[in-house]
Structure formats: C-alpha cells, structure tokens
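Visitor: As they're listed, the protein sequences go chains A and B.
The first sequence: position 65 = 65 (our numbering), numbered continuously.
The second sequence: position 39 = 39 (our numbering), numbered continuously.
Keep in mind the hints are simulated off the structure, nothing from the lab.
Treat each hint with caution, since some may be false.
Which copy? The list can't say, so a pair holds if one copy fits it or any two copies do.
[Said to hold, decoys possible] With a straight-line cut-off of 25 Å between C-alpha atoms, the simulated DSS-like cross-links for lysine-lysine are:
no.: 1; residue 1: K85; residue 2: K51
no.: 2; residue 1: K139; residue 2: K109
no.: 3; residue 1: K114; residue 2: K127
no.: 4; residue 1: K85; residue 2: K131
no.: 5; residue 1: K65; residue 2: K85
no.: 6; residue 1: K139; residue 2: K43
no.: 7; residue 1: K10; residue 2: K85
no.: 8; residue 1: K109; residue 2: K10
no.: 9; residue 1: K38; residue 2: K127
no.: 10; residue 1: K159; residue 2: K127
no.: 11; residue 1: K51; residue 2: K127
no.: 12; residue 1: K44; residue 2: K139
no.: 13; residue 1: K114; residue 2: K85
no.: 14; residue 1: K159; residue 2: K131
no.: 15; residue 1: K151; residue 2: K44
no.: 16; residue 1: K38; residue 2: K109
no.: 17; residue 1: K109; residue 2: K65
no.: 18; residue 1: K51; residue 2: K114
2 protein chains.
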Amino acid sequence: MERHFTEELKELRERLLYMASVAEGMIHQSINALVERKEDLTKKVFEDEDKINMMHIEVDDRCLKLIALHQPVAQDLRFIISAIKICSDLERIGDQTVNIAQNTIELLKLPQLKPLIDIPRMADITKTMVKGAIDAFVKGDVDLARGVILKDDEVDNLKDQIFRELLTYMISDPASIQRALALILVARNLERISDHATNIAEDVIYMIVGKDIRHHIEERKPS
Amino acid sequence: MERHFTEELKELRERLLYMASVAEGMIHQSINALVERKEDLTKKVFEDEDKINMMHIEVDDRCLKLIALHQPVAQDLRFIISAIKICSDLERIGDQTVNIAQNTIELLKLPQLKPLIDIPRMADITKTMVKGAIDAFVKGDVDLARGVILKDDEVDNLKDQIFRELLTYMISDPASIQRALALILVARNLERISDHATNIAEDVIYMIVGKDIRHHIEERKPS
Chain A
1 MERHFTEELK ELRERLLYMA SVAEGMIHQS INALVERKED LTKKVFEDED
51 KINMMHIEVD DRCLKLIALH QPVAQDLRFI ISAIKICSDL ERIGDQTVNI
101 AQNTIELLKL PQLKPLIDIP RMADITKTMV KGAIDAFVKG DVDLARGVIL
151 KDDEVDNLKD QIFRELLTYM ISDPASIQRA LALILVARNL ERISDHATNI
201 AEDVIYMIVG KDIRHHIEER KPS
Chain B
1 MERHFTEELK ELRERLLYMA SVAEGMIHQS INALVERKED LTKKVFEDED
51 KINMMHIEVD DRCLKLIALH QPVAQDLRFI ISAIKICSDL ERIGDQTVNI
101 AQNTIELLKL PQLKPLIDIP RMADITKTMV KGAIDAFVKG DVDLARGVIL
151 KDDEVDNLKD QIFRELLTYM ISDPASIQRA LALILVARNL ERISDHATNI
201 AEDVIYMIVG KDIRHHIEER KPS
C-alpha cells in the first residue's frame, strides 16, 4: 500500500513535469511564430492547448483520488494540494500562449512594425521561470523557487519599458497604433505567464516549508 | 465529531461568502473611482487587497486542516478542494481590481477622454457574475452556475466592442492614445474578472455533479 502510494506520487510528479514542458513549448511556439512571421507555427499552440486542457482534468482527478484513497497528511497532503494549484497555473499559462498566438495572427495581417523590441527576451525569461518553478517543485528546492520569484520583478520592469516604447511609437506614428497595441497585449500576456510561474514558485515554498509566503513579500506589487 | 465537521464546513462557506462580498466591493470601488474621477475612492481598494490576501491564506489553511483532520471523501472532499480553488480566484479578482485602481490613478492625471463607453456596464455584469458564482457555490445550484458561464460571452463581446471603439479614438486623435490605452487595459482587467467568475462557476458544477465541464464547452474560446 505504502509503496503503491509512493509510486503514484512519482507518477503525479512526472505528469506535472510533462505538462510544464508542453507549456514551455507553447510559449516558445507562440513567440517564434511572431518572430518568424509564420502563421503556420501557431497551429501547434492550438493543438497543444487541447492537450494541456486534457492533462489539467486528468491531474486534478488523479489528485482527488489520491487524497480520497490514501488520506495523506502533512507534507504529502501539501504536495498534492500544491499539485492541484500548479496544474491550474500551467493550464492558464497555456491560455496565455493561445492569446499570444491569436494576437500574432492579427499582427501577421499587417506589415511588420519594427524589430520586436524586448518581447523575445521577455519570453525567454518567462520560459526560464516556468522551467525553474517546476524544477523547484520536483526537486523540492526552496532556493530555486525563490530565484523564480525574484525574476518576476525583472519581467515587470521589462514590460513597463516595452509599454513606454510602444506608446512612443503610437504617438509619433498613428499608423502604427493597431500593431503597437497588439504588441502591448503580447507583453501583457507574457507578464501574466510570469505571474503564474511566480504563483507556482510560491506554492512550492509553501509545500516545502509549510509556511505561506504569498502576500508577504513586500517588494512585490501588482502591475 | 460529525456535527463538528458540519459546523466547520458551514464556517468555510461563510468565509468564502464574505470574501466574495469584499471582491465585489473592490470591483465597485475601483470602477466608481474612475466614473466619479476621485482618486480618494481607490484607497479602499488597496486596503481591501490586504484583507482579501489575508483571507486567502486563512481559507487555504482552514481547508488543509479540514482534509487532514476529517479525511473527507466524495462530495465533502470535492467541496473543500473547490473552496481552495474558489478562494484563489477571489484573491485574483482582487488583484485585477488593484490593477484597475492603478490605471484609474494614471487616468485621473489627464483630462477626461469622453464618457467611459461601456466600461461601467461591463463592470456591472462582472459583479453580477462573481455574486452569481458564489451564490451557486453556497446553494449548490447548478443552473445558477451555468447562467454565470453563459454571461462570459457577453462580457467578451462587450470587451471586443470597447476595444474597437477605443482604437478608433486613438487613430482619429493621437492625443487620446495614452488615455484610450489605459481604458483598454481596464476593459481587459474586467474581462479577467469575468474569466475568474467563470472558473468559479465551473468548479461549482464540478463539485455538484462530479463531472469536469472545464474545456468541454465548445462555444467558449479564449480571447
């Protein structure tokens, strides 16, 4: 019975790792379609959305059964509750990449605005955050989780800077408004992904040290 | 023991009801500050953010203890897991109203753009959705929850319409760009609130009928 439970926890961990790798791939694909200006590349994002949605249901179900059948307490219970929350964040990261893909499709109907400013860099950081947050979960690594939370400020600053630059474009050239606006929304989607990765990292710390750090970090402010 | 557990579930229900009423109040306050053009009115939103954040931690903690101590199964377990998710959505609704308040403060530094188009109406619908979703949770009312989910499309359409109108302003009058952009972001915050209310309604249906309807409603598409 105990061995069985340990096996099932291991499987749960692997499913979340896989789900996270799908989410990272979706961030990459959606931004790559924008950078390469190839609408075709967005297709994979929409396909993966179905996949990640199905995994969301499956993982949730798995967690509920684990609780009902094994009635875990303490660390194990916190692990499973964290898995439920993390799974929901991963699914929402997928939603954000779908929004990016939709904005990309709109953008590709118009001539290119200019280089994409710091959007690809912002995407790279958010990918690293998602990966870091899930690695922290799997390894039970508090320091790694803390590192992810610190990166959230970097993403917020980058987003503010992108906003300012795009606003300047819009004001100096009204013909750029629609495209600049679409890029602002993409930056905002990336910011949301960074928020979700931060949520995951916070859940990981909670899971490990059993202490709720959410809403306790004074440096973080909503943006 | 059983009576005690029932009492604790009742208390949990009441805490979530209260938390939802705070979230509704935050939507109202943040939009009211924008409509009345009074920065003072945003203060209450920032105060309530602290309150809702503390409740998030408290409710989460309450749920974990309930599971660990009473090892509930079936309907009761689903109820508690739903409470954890709903609580997280309510806290994120609070975050969105803080974003609205911050955008409002920026907007109030500039002369008024024009009437606020359909933003107050959009806010009214989202408030109704949050209230409906929590009522559905407390009463275990599937029909009420379904009604909330249907309203999400109405909000999405309204947001698209607001986007189009504001884009027209920006193109015809570049001096309006900054203000129109801030209003677009407010509309987007309201859309996110509507998404959270929808998540709550879906969790309620899952809790009651034990069937996962998330990702199964074909009419719904991300926006």
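Visitor: Please go over all the hints and tell whether each is borne out by the structure.
Guide: Now the hints, each set against the structure:
1. K85 x K51: both (18 Å within a copy, 22 Å between copies)
2. K139 x K109: Neither, since 44 Å and 48 Å both go past 25 Å.
3. K114 x K127: within (24 Å within a copy, 40 Å between copies)
4. K85 x K131: The answer is both: 16 Å in one copy and 23 Å across copies each meet 25 Å.
5. K65 x K85: both (16 Å within a copy, 17 Å between copies)
6. K139 x K43: neither (33 Å within a copy, 41 Å between copies)
7. K10 x K85: both (17 Å within a copy, 23 Å between copies)
8. K109 x K10: neither (46 Å within a copy, 54 Å between copies)
9. K38 x K127: within (21 Å within a copy, 40 Å between copies)
10. K159 x K127: Within one copy only: 15 Å inside, 29 Å across.
11. K51 x K127: within (19 Å within a copy, 32 Å between copies)
12. K44 x K139: Neither: 29 Å inside a chain and 41 Å across chains, both beyond 25 Å.
13. K114 x K85: Cα proximity of K114 and K85: none, with 39 Å in one copy and 41 Å across.
14. K159 x K131: Within. Shortest intra-copy distance 20 Å satisfies the 25 Å Cα cut-off; inter-copy 33 Å does not.
15. K151 x K44: Neither: 28 Å inside a copy, 30 Å across copies.
16. K38 x K109: within (11 Å within a copy, 41 Å between copies)
17. K109 x K65: The answer is neither: 47 Å in one copy and 53 Å across copies each exceed 25 Å.
18. K51 x K114: neither (34 Å within a copy, 44 Å between copies)
Figure legend: structure checked against the earlier numbered hints; hints not met, in rising order: 2, 6, 8, 12, 13, 15, 17, 18.
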